[in-house]
Structure formats: C-alpha cells, structure tokens
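Asks: Residue-level listing of the chains:
2 protein chains.
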Amino acid sequence: MLTVYSDTYYMQQALAEAQKAYEAGEVPVGAVVVCDNRIIARAHNQTEQLTDVTAHAEMLALTAAANYLGSKYLTDCSLFVTLEPCVMCAGALSWAQLGRIVYGASDEKRGFMLHGKQLLHPKTRLELGILEDECAQLLKQFFKSRR
Amino acid sequence: MLTVYSDTYYMQQALAEAQKAYEAGEVPVGAVVVCDNRIIARAHNQTEQLTDVTAHAEMLALTAAANYLGSKYLTDCSLFVTLEPCVMCAGALSWAQLGRIVYGASDEKRGFMLHGKQLLHPKTRLELGILEDECAQLLKQFFKSRR
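Protein chains in written order, with the working numbering: chain R, 2 to 148; chain A, 2 to 148.
Any given hint could turn out to be false.
It does not matter which identical chain is meant; a pair holds if it fits inside one copy or across any two.
[As the list claims (entries may be wrong)] Think about it this way: if two alpha-carbon atoms lie no more than 25 Å apart in a straight line, the pair counts; the simulated BS3-like pairs of lysine-lysine are: (1) K145 / K73; (2) K73 / K118; (3) K145 / K110; (4) K73 / K110.
No lab work stands behind these hints: they were computed from the structure.
Given the sequences, and given the hints that come with them, work out the whole structure.
Replies: Right, dumping it as structure tokens:
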C-alpha cells in the first residue's frame, strides 16, 4: 500500500531540507520532526549562514518543534535526519526525550554511535539506513564540489 | 597579587549568571566566555523560559561569543561554567574548538565526563573545581527549594 505516512516519505522531506542546505553552501543535512503523522518542524544545517556551530539541522528542528508544541519534551515525536547525529545533537535529542529517531547515512567520523546508543534517552527508539544511499550521495557530492 | 584576570574572578561572573537563572526559576547554571581577558559573552540556563532543552548556559554563551567575534571557532577563548557541561554542551564546545574550558561543580549524573574527555576537541584544555563549593551550593539550594 502506498501511504504518505511512511518513513521513506518523511526522509524524503528531510532530504529536501538537506538540498536547501546544499544550495546555500552548507554541509547538506536536513531534518523534520513528525508528530501524529504531521510534520511540525523542518530545518537544515545553517552553521555557515548563522556563524554558529550549534545551528545543526537537528538542533534547529528540535527548537522549532518545541516551540510549536509548547513543550520542551518531544516524547510523542519522531525525528528524521539525513545524517547520523553528532554528539551535540544526540545530547539534545536525549534531553528532549524524542520518541523515535530515524537517520539516513552513517557518520563514521563524527556520529554519536562512536560513543554508543547510551547517549540517547533510554526510551528513544532508533532506526537507521532509510534512504541511506541518497543521503550519503548528497554529502559526497557536496564535499567533492568543495575540493 | 590581586588581579581581575583570574579564573576565580571569571567563575564569580559565571556564578552571577547562575544566580539570575535561580531567580528566574531555572536550574542555576551560568557561563561566560573570555577572550583576551575580556568577557565577550554571558549567559544562563533558560530552558524553561524559552521552552527549549537546547537553551543551556553554555550553548547560549557559545552562540553569543561566535556572534560577537564573527567566527564559528573559539580557539582563543575560555569558557567558564558553574557546572560540568552535559553531553550536548560538550559536543557544541568540541565543534567550537574552545581553547579552554573551566567548570566549577561536577555533575555525576549528566556530566560529559561520564563518557570521557574525548568528547571535547583534542586541543581544548580542561580545568575544574574552581569555586566548586559555591557552584554546587547554589544548585543544592535550588533543588531543595523545589522539593
């Protein structure tokens, strides 16, 4: 059955955000936050535009989602992000008690999984590899264009 | 010799920020960023006021310092914070490549040192225990008043 409420659909939306980052000359990472099958926040990496290392897609999406819901905690939400979160973002996702985190490509150098899943909240479900090739390809293309 | 350019002085300034958080009903943590012996950013925890788990003192201070300097990287700066940073903040401090981090009280439950110093940038110097008792006392007083 075809449904828009699929992990693939939401990751495509995160990829569309990553594409915006790419076009702005930012490392192309995008994220969306989903609650009750609705996208309540969309964001992409803006570290260069904002001159701020904390402006990762996940951080901006978290802040926007909390603002939308009027709650610091996102226990009933899922975050879809094109790249494995870094330590900073994993820490933020832990504080926000995300219900579920889904990421596309792995980040072997800076990903939080280097330090293990215990960086996340114990109740957070974790999935990975959704649209992995597309997510990784966009990053590869970006870094290749920068060389 | 008495000098204002001492770690104790800067930690007192971070404590003054923590006191502001206390008075606003926030977990009392404060931070200052110092560059060339000047305080270029001051911040305190605002997670409740902003309904945002990412609004830790260190994160707000980092963003403000980067904005002031016009640079994402704070290699020539020191951060003074009253409490051991959490994983999120350690990750952010790593991205910002802080020259030096000085914290007051330890945080045995949520502090980044649970995962080791490798969460920080390899070039960051780390010191701890400056005004430890005062920093810890303010936190104890806060949590006691909340019971």
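Asks: Give a verdict on every hint.
Replies: Structure-based check of each hint:
no.: 1; hint: K145 / K73; result: between (38 Å within a copy, 23 Å between copies)
no.: 2; hint: K73 / K118; result: within (22 Å within a copy, 28 Å between copies)
no.: 3; hint: K145 / K110; result: within (17 Å within a copy, 42 Å between copies)
no.: 4; hint: K73 / K110; result: between (29 Å within a copy, 20 Å between copies)
Hint compliance for this structure: no hint is broken.
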